[in-house]
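So you can see what is in the structure, the chains are spelled out below.
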Amino acid sequence: DTGVSQNPRHKITKRGQNVTFRCDPISEHNRLYWYRQTLGQGPEFLTYFQNEAQLEKSRLLSDRFSAERPKGSFSTLEIQRTEQGDSAMYLCASGSGTQEGQFFGPGTRLTVL
Amino acid sequence: AQTVTQSQPEMSVQEAETVTLSCTYDTSESDYYLFWYKQPPSRQMILVIRQEAYKQQNATENRFSVNFQKAAKSFSLKISDSQLGDAAMYFCASEGGSEKLVFGKGTKLTVNP
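Protein sequence lines, in the order shown, are assigned to chains A and B.
Residue 96 is where the first sequence starts when you use the numbering used here, and the numbers rise one by one after that.
Residue 9 is where the second sequence starts when you use the numbering used here, and the numbers rise one by one after that.
These are computed hints drawn from the structure, not numbers from a lab.
Be a bit skeptical, because a hint or two may be false.
Said to hold, decoys possible - Below are the SDA-like pairs computed for lysine to any residue, each with C-alpha atoms no more than 25 Å apart in a straight line:
hint : chain 1 : residue 1 : chain 2 : residue 2
1    : B       : K86       : A       : R104
2    : B       : K113      : A       : A183
3    : B       : K113      : A       : P201
4    : B       : K86       : A       : Q194
5    : B       : K116      : A       : E178
6    : B       : K113      : A       : Q136
7    : B       : K81       : A       : E139
8    : B       : K113      : A       : R104
Said to hold, decoys possible - Here are some chain A residues pointing at chain B (derived, C-beta under 10 Å):
hint : residue
9    : G167
10   : Q194
11   : G202
In this text, a Cβ means the ideal position worked out from N, Cα and C, and glycines have one as well.
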């Protein structure tokens, strides 16, 4: 198993543009999580899926953000009309249950100019 | 709401010595899990060690061990025989029933040769 992968690793965009990130979890994991990490802070939870069902969304996830996991495998996170405050590292993690912990990907670093 | 506090923004240790990183948490859940994650510079988050709150015995993984004091809501990480590769940000995290991890702000560990 190659672990959790995320693409792209870096994204630079202009304010107002839409961006989409992809996460491929560890294949046997049915849970997939999205977090956001800003400089000097720990990751903050955004949303999570169990199979294809989105079970919880943070208040951080404004209506400009949408996440999908259409077939219960990979997931996408889309940000519409990006703002400078969206600049952050977006982390994806997968897992098979709480007690096993969550396993993180390398992240996508978003810079909004 | 769960909170996690790491009161040491930075710590340093001499190679081969032992260092302890502090973490306190607050939760209203009776059943929860605690984790330590390591994030090396520009690299992905790695799960170091996990502790189930209902287990009295402190978790150990090779050179890493925890001191879990449930009544005091304290969960410190001890790194023995520190190595240069241990240099990283260390994040304490809790999970209590909602599957989302709540992270502290992290402790930057420097290992001096």
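Hint check:
1. Of the pairs offered as hints, the one joining K86 (chain B) and R104 (chain A) is violated, with about 32 Å between alpha carbons and a cut-off of 25 Å exceeded.
2. Using a Cα cut-off of 25 Å, the hinted pair K113 (chain B) and A183 (chain A) holds, with the two alpha carbons roughly 15 Å apart.
3. A threshold of 25 Å between alpha carbons decides the hint, and for K113 (chain B) with P201 (chain A) the separation of about 19 Å falls inside it, so the pair holds.
4. With a CA separation close to 21 Å, the supplied pair K86 (chain B) and Q194 (chain A) stays within the 25 Å bound.
5. Distance check on the hinted pair: K116 (chain B) and E178 (chain A) sit about 29 Å apart at the alpha-carbon level, beyond 25 Å; violated.
6. Using a Cα cut-off of 25 Å, the hinted pair K113 (chain B) and Q136 (chain A) holds, with the two alpha carbons roughly 5 Å apart.
7. Note on K81 (chain B) and E139 (chain A): the hinted pairing holds, with a Cα-Cα distance of about 21 Å set against a maximum of 25 Å.
8. With a C-alpha separation of about 23 Å, the suggested pair K113 (chain B) and R104 (chain A) falls inside the 25 Å cut-off, and the hint holds.
9. Hint on G167 (chain A) is violated. Least Cβ distance to chain B is approximately 16 Å, over the 10 Å limit.
10. Contact between Q194 (chain A) and chain B, as hinted, is supported at the beta carbon level, the nearest pair being about 6 Å apart and thus within 10 Å.
11. Interface hint status for G202 (chain A): upheld, as the beta-carbon distance to the closest one in chain B is roughly 7 Å, under 10 Å.
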